[in-house]
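All chains, please: the whole structure from these sequences, using the hints.
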Amino acid sequence: GENVEQHPSTLSVQEGDSAVIKCTYSDSASNYFPWYKQELGKRPQLIIDIRSNVGEKKDQRIAVTLNKTAKHFSLHITETQPEDSAVYFCAALTGANNLFFGTGTRLTVIP
Amino acid sequence: GAVVSQHPSRVICKSGTSVKIECRSLDFQATTMFWYRQFPKKSLMLMATSNEGSKATYEQGVEKDKFLINHASLTLSTLTVTSAHPEDSSFYICSIGLAGPYEQYFGPGTRLTVT
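Chains as they are written, first to last, in my numbering: chain P, 1 to 111; chain U, 1 to 115.
Rather than coming from a laboratory, the hints here were simulated on the basis of the structure. Treat the hints loosely; a few may be bogus.
In the DSBU-like style, the derived pairs of lysine-lysine whose C-alpha atoms are separated by at most 35 Å in a straight line are [as the list claims (entries may be wrong)]: (1) P:K58 - U:K41; (2) P:K68 - U:K42; (3) U:K55 - P:K71; (4) P:K68 - P:K57; (5) P:K42 - U:K20; (6) U:K55 - P:K42; (7) P:K22 - P:K71; (8) P:K57 - U:K41; (9) P:K42 - U:K14; (10) U:K41 - P:K42; (11) P:K42 - P:K71; (12) U:K42 - P:K22.
Just so it is clear, the structure is predicted and the values come from calculations on it, not from any experiment.
As structure tokens, this is what we get:
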């Protein structure tokens with residue numbers, strides 16, 4: 001089955017700096033990779049996603065890159081702001097159409 | 001995106017009783033809904049895929065007789081935790097996908113505490 005690993009588990013950055021979160025997956029049939037932001041006690045929110053036919057996607061301060069050969073994908077947040085502080089989850093949609101989540105990264109942006 | 005609601009947001013029940021959680025899609029007709037479980041400070045784990053008008057598909061290790069899923073309409077799926085035990089205490093959260101399992105939007109979750 002799919003195994004999604006996510007690093008780091010915690011990340012602290014100064015406001016204005018960039019943050020990078022990395023994930024790897026094992027199922028070569030996985031073809032869709034969303035990223036979710038979850039604030040304490042709230043629902044996960046879809047912030048960006050990428051399909052396997054694309055290598056990079058950007059939406060304002062957020063970008064995701066995908067390396068299918070190496071089976072890894074990354075989330076990049078530039079010009080971080082305190083409101084970016086949350087837990088971020090990566091996920092991979094397997095060939096069986098099940099969404100497997102990474103273990104999460106707690107991002108803290110220090111003002 | 002899609003707007004998803006869940007009810008109740010919190011429930012406390014006694015061991016041995018059953019609890020029903022509702023998941024509603026407010027602005028999208030969802031033939032498929034997904035049920036996840038999230039332990040404190042942990043990731044989301046898919047429990048089952050709810051299919052409108054047919055039986056749910058359960059993930060390995062999830063007891064279908066304990067976690068009953070009914071998807072009677074395109075806007076409502078229910079999860080019933082039967083004969084609840086303290087180890088069933090968790091955050092249960094549903095989602096709908098705008099295109100099958102793609103672009104999943106989550107409900108606000110239900111925190112279940114079994115005493």
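Hint by hint, here is what the structure shows:
no. : hint          : in the structure
1   : P:K58 - U:K41 : 28 Å, holds
2   : P:K68 - U:K42 : 26 Å, holds
3   : U:K55 - P:K71 : 33 Å, holds
4   : P:K68 - P:K57 : 14 Å, holds
5   : P:K42 - U:K20 : 20 Å, holds
6   : U:K55 - P:K42 : 29 Å, holds
7   : P:K22 - P:K71 : 11 Å, holds
8   : P:K57 - U:K41 : 28 Å, holds
9   : P:K42 - U:K14 : 25 Å, holds
10  : U:K41 - P:K42 : 12 Å, holds
11  : P:K42 - P:K71 : 30 Å, holds
12  : U:K42 - P:K22 : 17 Å, holds
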